[in-house]
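Participant: Sequence:
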Amino acid sequence: MHNNGGCVQRVSGPTGGILYSVCTSPSGLIAVGGTDRAVTIYDPRRWSALSRWVGCSKYEITGLSFSSVDQSFIYVQGVDYEITCGRWRESERAFSFRGDSNWLGFSKVCEHRCGCWVVRVWKYLRC
Numbered sequence: 001m002h003n004n005g006g007c008v009q010r011v012s013g014p015t016g017g018i019l020y021s022v023c024t025s026p027s028g029l030i031a032v033g034g035t036d037r038a039v040t041i042y043d044p045r046r047w048s049a050l051s052r053w054v055g056c057s058k059y060e061i062t063g064l065s066f067s068s069v070d071q072s073f074i075y076v077q078g079v080d081y082e083i084t085c086g087r088w089r090e091s092e093r094a095f096s097f098r099g100d101s102n103w104l105g106f107s108k109v110c111e112h113r114c115g116c117w118v119v120r121v122w123k124y125l126r127c
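Heads up, the sequence shown is in the UniProt record's numbering, so the first residue is 1 and it goes up one at a time.
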């Protein structure tokens with residue numbers, strides 16, 4: 001077996017673009033997003049793109065998280081402090097909300113089958 005320095009597979013972003021965020025689903029799917037403002041979902045068994053949700057964010061994507069209740073949904077954070085939730089396969093937005101201050105990132109704290117969820121945001125505080 002060839003040792004490639006621990007690299008299993010390279011995922012390239014858009015030409016001249018940068019990938020800012022990557023996440024995995026419990027089933028093993030990989031989502032990436034960055035300067036092209038699109039989320040690409042990869043199947044690591046074949047290393048091919050399953051879906052590409054173009055225009056899911058108005059600005060660069062800095063955070064991603066699959067829904068733990070329904071993996072057909074993904075949460076997308078842009079640099080404009082907006083979090084969008086939608087169906088990645090259909091490229092369909094379910095809902096979104098925008099924060100009122102500078103966020104550095106987000107993480108899902110809790111998600112319930114009733115549709116309610118709690119998200120934690122990280123802020124930059126100037127000392």
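In short, the hints are calculated from the structure, not lab data. These numbers come from a predicted model, not from an experiment. For every residue, glycine included, the Cβ atom is placed at its ideal position computed from N, Cα and C. There may be inaccurate statements among the hints.
Listed next, with one range per pair, are the computed distances between beta-carbon atoms [as the list claims (entries may be wrong)]:
1. R87 with S48: 17 to 25 Å
2. D80 with G5: 35 to 43 Å
3. E92 with D43: 15 to 23 Å
The list that follows gives simulated cross-link-like pairs (lysine to aspartate or glutamate, EDC-like), each with its CA atoms no further than 20 Å apart [what the hints assert, rightly or not]:
4. K58 with E90
5. K58 with D43
6. K58 with E92
7. K58 with D100
8. K58 with E82
Participant: Could you run down the list of hints and mark each one as holding or not?
Facilitator: Evaluated hints:
As the Cβ distance of R87 to S48 is approximately 20 Å, the hint placing it in 17 to 25 Å holds. Hint check: D80 to G5, Cβ distance near 37 Å, so the stated range 35 to 43 Å holds. A hinted range of 15 to 23 Å for the beta carbons of E92 and D43 is consistent with their spacing of about 20 Å. Note on K58 and E90: the hinted pairing holds, with a Cα-Cα distance of about 18 Å set against a maximum of 20 Å.
Restraint check for K58 and D43: the C-alpha separation of about 26 Å exceeds 20 Å, so the hint is violated. Of the supplied pair hints, the one linking K58 and E92 holds, its CA atoms being roughly 14 Å apart against a limit of 20 Å. Taking the CA atoms of K58 and D100, the gap is near 16 Å; set against the 20 Å cutoff, the hint holds. Note on K58 and E82: the hinted pairing holds, with a Cα-Cα distance of about 9 Å set against a maximum of 20 Å.
When held up to the earlier numbered hints, the structure conflicts with hint 5 and nothing else.
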